[in-house]
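Novice: The numbering of the sequence shown is this note's numbering, which starts it at -8 and goes up by one.
Hints were generated in silico from the structure; no laboratory data involved. Here the structure is a predicted model, which is why all the values come from computation and not from measurement. Be careful, since some hints might not be right.
Below, simulated DMTMM-like cross-link-like pairs (lysine to aspartate or glutamate); rule was C-alpha separation at most 25 Å, straight line [stated by the list, open to error]:
#1 Lys270 to Glu22
#2 Lys45 to Glu88
#3 Lys258 to Glu88
#4 Lys100 to Asp181
#5 Lys100 to Glu88
#6 Lys270 to Glu10
#7 Lys151 to Asp204
#8 Lys36 to Asp9
#9 Lys100 to Glu154
#10 Lys36 to Asp221
#11 Lys100 to Asp259
#12 Lys141 to Asp183
If you anchor each label on the Cβ, the simulated ranges turn out as follows [claimed, not checked]:
#13 Gly115 to Lys45: 44 to 52 Å
#14 Ala171 to Asp259: 40 to 48 Å
#15 Asn223 to Asp259: 29 to 37 Å
#16 Ala49 to Ala271: 31 to 39 Å
#17 Glu112 to Ala171: 28 to 36 Å
#18 Ala64 to Asp181: 29 to 37 Å
#19 Glu18 to Asn223: 23 to 31 Å
Don't be surprised by glycine CBs; every beta carbon is placed ideally from N, CA and C.
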Amino acid sequence: MARNYRAELVGVFGDPVDENPTGVMEEAAFEALGLPYRYLTLRVKREDLPDAMKALRAFGMRGINLTIPHKIAVIPHLDELTEAAEIIGAVNTVINERGRLIGENTDGKGMLQSFSENGCEVRGKHLVILGAGGAARAIAVEAALAGARKVTVINRTPEKGQELAGMIRSRTGVETEALAWVPGMAVPGDADILVNGTSIGLYPDVDSRPEIDYGSITPRMVVSDVVFNDPNTLFLQAAAARGAQTINGLGMLANQGAVNFRLWTGKDAPRGVMEGVLKAEFGLK
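Using the sequences and the accompanying hints, generate a full structural model.
Specialist: Take a look at the structure:
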């Protein structure tokens, strides 16, 4: 039999993507299982997304990840959304099923699994999230579905935060609140979990952190960040200095990667391999 030299293609569309380590993690997983897949890290500008989605179809790619700024803009280019993606209103993963592009969202699932792995359960807790974009929406919705007592959305554009809070309340019945983000504002005193759901602190903006009153963070809070590069963000450093437990974005990324691997290949991901590669990339033990 002739050897097959063709690889199945997956990857990520985003801008920026130069510092995104997902490809290293996924390629290590493909190699570990001996699968003929390649993960392409592709810079796609906002205005070029329509052409990129046409290329995905033309190349017969098995799927793609979406990161900033495409998680919401990609939706009109898809044939179908999963229930989670439809409720969240954002997509971070596309699966090509025989020419039909299906949008899924694994952001929230990955973060909640990371919480659990660090001894933090969402059920019965008050979760406060900074931001109302793609990742923030996913985490807020998944937290509500997992039984959070209350979800508070803090966003610079009040209308966007109110829309998200209202949607969660109507779809899940969970108590919600939307607050306008005023620089230097305090974290609600009864918050159990605080999440930075924005891109503030993402490389190359590593010297920035969300503008909140860090003195309002208490040791009883769990503080997490969706930013994974650099994983030791100034946001988390400030929270740790206040005595809070902190959870960086690498666990969320590894968990997302494992779910994506399963969706694209139909096989269980070598989770240990993926997490090990990420830790090595960032010099962590």
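Novice: Work down the list of hints and note, for each, if the structure agrees.
Specialist: Results of checking the hints against the structure:
Simply put, Lys270 and Glu22 have alpha-carbon atoms about 18 Å apart, close enough for the 25 Å limit, and the pair holds. The suggested pairing of Lys45 with Glu88 holds, with an alpha-carbon distance near 15 Å, which does not exceed 25 Å. About 15 Å separates the Cα atoms of Lys258 and Glu88, which keeps this hinted pair within 25 Å; it holds. Of the supplied pair hints, the one linking Lys100 and Asp181 holds, its CA atoms being roughly 24 Å apart against a limit of 25 Å.
For the hint linking Lys100 to Glu88, the alpha-carbon distance of about 22 Å falls within 25 Å, and the restraint holds. Distance restraint check for Lys270 and Glu10: the Cα-Cα separation of roughly 14 Å lies within the 25 Å cut-off, and the hinted pair is therefore satisfied. Only pairs whose Cα atoms come within 25 Å are accepted, and Lys151 paired with Asp204 is accepted, the gap being roughly 22 Å. Note on Lys36 and Asp9: the hinted pairing holds, with a Cα-Cα distance of about 13 Å set against a maximum of 25 Å.
This hinted pair checks out: Lys100 and Glu154 have alpha carbons roughly 21 Å apart, not beyond 25 Å. For the given pair, Lys36 sits about 23 Å from Asp221 by alpha-carbon distance, which is consistent with the 25 Å threshold. For a cut-off of 25 Å, the pair hint linking Lys100 to Asp259 stands: about 16 Å separates their Cα positions. The hinted pair formed by Lys141 and Asp183 meets the criterion: a straight-line CA distance of about 10 Å does not exceed 25 Å.
A C-beta distance of roughly 46 Å is found between Gly115 and Lys45, which places it inside the suggested range of 44 to 52 Å. Against the hinted window of 40 to 48 Å, the Cβ-Cβ separation of Ala171 and Asp259 comes to about 44 Å, which satisfies the hint. Separation of Asn223 from Asp259 is about 30 Å and conforms to the stated range, judged on CB atoms against 29 to 37 Å. With their beta carbons about 35 Å apart, Ala49 and Ala271 fall inside the hinted range of 31 to 39 Å.
A hinted range of 28 to 36 Å holds for the C-beta pair Glu112 and Ala171, which are about 29 Å apart. Taking the beta carbon of each, Ala64 and Asp181 are about 36 Å apart, inside 29 to 37 Å as hinted. In this structure the hint that Glu18 and Asn223 lie 23 to 31 Å apart at CB holds, the actual value being about 25 Å.
In the structure shown, no violation is registered for any of the earlier numbered hints.
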